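Student: Sequence:
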Amino acid sequence: MNSIDAVKAILVIEALRKGLPPQRGVDLYSVGSEKLIEGIKKFHLSGISERGIIRFINGSWGAGKTHFFRLLREVAFENNCLVSNVELNVNDAALNKFESVFYAIVRNVATPTYFSETTINDAAPFGRVAQESLAFLSTGTRSLDNELAHEHYTKASESLLADHSIDIDFKKMVQKYWETFLPEGAAPAIQEQTRSEILQWFSGEGAIGTYRKKFGVNKIVNKNNAKLMLQSLAGFVRLSGYRGLIILFDEAEQAYSIMRHSALRDAHNNLLSLINNVETLPGLFLIYATTPDFFTDPKHGIVIYGALAGRIGRPEQRPPRALDNIWNLDAVITQLQDYQVAGKKIREIYLSAYPESQQSIPDEKHVETFIADLDKMYPSLSAIRFWRVMVTALVTHLDDYMEGEVRPTEKLYGDVMEQLREE
-9 MNSIDAVKAI LVIEALRKGL PPQRGVDLYS VGSEKLIEGI KKFHLSGISE
41 RGIIRFINGS WGAGKTHFFR LLREVAFENN CLVSNVELNV NDAALNKFES
91 VFYAIVRNVA TPTYFSETTI NDAAPFGRVA QESLAFLSTG TRSLDNELAH
141 EHYTKASESL LADHSIDIDF KKMVQKYWET FLPEGAAPAI QEQTRSEILQ
191 WFSGEGAIGT YRKKFGVNKI VNKNNAKLML QSLAGFVRLS GYRGLIILFD
241 EAEQAYSIMR HSALRDAHNN LLSLINNVET LPGLFLIYAT TPDFFTDPKH
291 GIVIYGALAG RIGRPEQRPP RALDNIWNLD AVITQLQDYQ VAGKKIREIY
341 LSAYPESQQS IPDEKHVETF IADLDKMYPS LSAIRFWRVM VTALVTHLDD
391 YMEGEVRPTE KLYGDVMEQL REE
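The working numbering applies: residue -9 is where the sequence shown begins, and numbers increase by one.
Calculated from the structure, these hints are not laboratory results. This one's a predicted model, so the numbers in the text were calculated from it and none came from an experiment. Treat the hints with care, as some may be off.
Here are the in silico distance ranges between beta carbons for each label pair [unchecked claim]:
no. : residue 1 : residue 2 : range
1   : E40       : E395      : 57 to 67 Å
2   : A321      : E40       : 39 to 49 Å
3   : H154      : G29       : 32 to 42 Å
4   : S263      : T399      : 48 to 58 Å
By construction, the Cβ of each residue, glycine as well, lies at the ideal position given by its N, Cα and C atoms.
The whole structure should be built from the sequences, with the hints applied where relevant.
Tutor: Here you go:
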C-alpha cells in the first residue's frame, strides 16, 4: 500500500483496538453485508436521481448500526452521492422541530473529496459543497485551482437560476457565496466573514432584516419552509453533478421516551409526512436507524400512532434484503467463519499499518484458531457483542506479538472484557 493507505490503515487499527468502527475503512474488513449492499446499489442508488427513498434500520444496542452506517457512507461516496450523518436527539436535531433536523443535515453534509482527506479541518461542510458545485458547473471539475473567472461564475449562475426545483432564496444565497470567489472580491478576512454569514442563513441563524438588506432574500430557514429547503437541497445536489444525497438518521437512545406528548405527536407527524412525500423528493435517500422500542413501546413507540405504524410496519425476523422497508440487523446471523474471514482481513490491515510487523505477528491459520478459541469462551448472553470482543482482542493479540510479550488467550480475553465493560 502507498503512504496514504498506510495512514488509513493505522486509523482503522487504532479504532478497532478500542472496539469501535473506524470513521474510514470499514469496507476493508466488513463481512456478511455483501448481498444487502449489492442490493442497495442495484435497487436504490441506481435510481436515486429519479425518486426519493426511505428505509428503516432496526438494531439493538451493539447490533452494528454505526458500523453499517459507515459502510453505507463509503458505498455512497463510491457511487457519486453526498452523505449527511445526523444524530436525532432532543437538543440539537429533534424530529418534532424539523427545521433543526434540516440545520443538522446541512452542518453534516460531506462530499467524497471532503471525506477522502486524511485530516478534515473544514468547519463548514456545506460551504465545501457550494464550492465544489461552483467548480463543477463552471469547469466540470471539483476544484478551483486558479482565480474564478467571470465567465465561469456566469456559467454556473445561469445553470443555478434555470433550475426550478430550487427555492429562489436558496439560489440567491448560493450565488452570493460563489461571488466571494471572484478575483475583485473583498479582503480574505472579509470574504471569510461573508461566507460564514451565508452559511448561518442555512442554519436558521440571524435576523431576516439583516439578510434582506445584505443579500436580498425574503426569508430565513424556519419550521414553515424547512421541508421546502430540503427539497431545494436535493435539487442543488443533483444540479451539482451528484446522483443524490443520502441522509443517515441515527436516533439517539431514548430520544422519544423523554419527549412530551405534544412533541412526540409532532415528531410522529413529521416522520409520517416524510414517508408520504418522499417519492416527490428525487435525489434523497433517507435511512432511519432505530431500536426495537421504536416499533413496540406502548407509550412512545409508533404503535400509538396507527397511521405511522401502518406505513412503516414491523421488522421481519430474517436477514435483511434491500427491498425490505425495514432492514433488521438483529436478525443477521454471523457465523464463526465470517468472524475468521474478518479477522484475516484485519491482520492484513495491521500489516499495512505496521510493515515492520511482518516477521513478528502470527499467520492466518493462527488468527483463525485464536478467533475460534475466543468464540468458545464468549458467553452467548453477554451484553457486549462478540464483534466488538473479537476485533479488540485480535488487535491487542497482534500488539502483544509486536511487543514480544504474548499473553495466554484466556488472560487476554479476560483483560479485553474488563476493558470493554469499563468503557
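Student: The structure should be examined with respect to each hint, and the outcome stated for every one.
Tutor: To see whether the hints hold, each was checked on the structure:
| no. | hint | result |
| --- | --- | --- |
| 1 | E40 to E395: 57 to 67 Å | 58 Å, holds |
| 2 | A321 to E40: 39 to 49 Å | 30 Å, violated |
| 3 | H154 to G29: 32 to 42 Å | 33 Å, holds |
| 4 | S263 to T399: 48 to 58 Å | 53 Å, holds |
Hint 2 alone, counting from the list given before, is not met by this structure.
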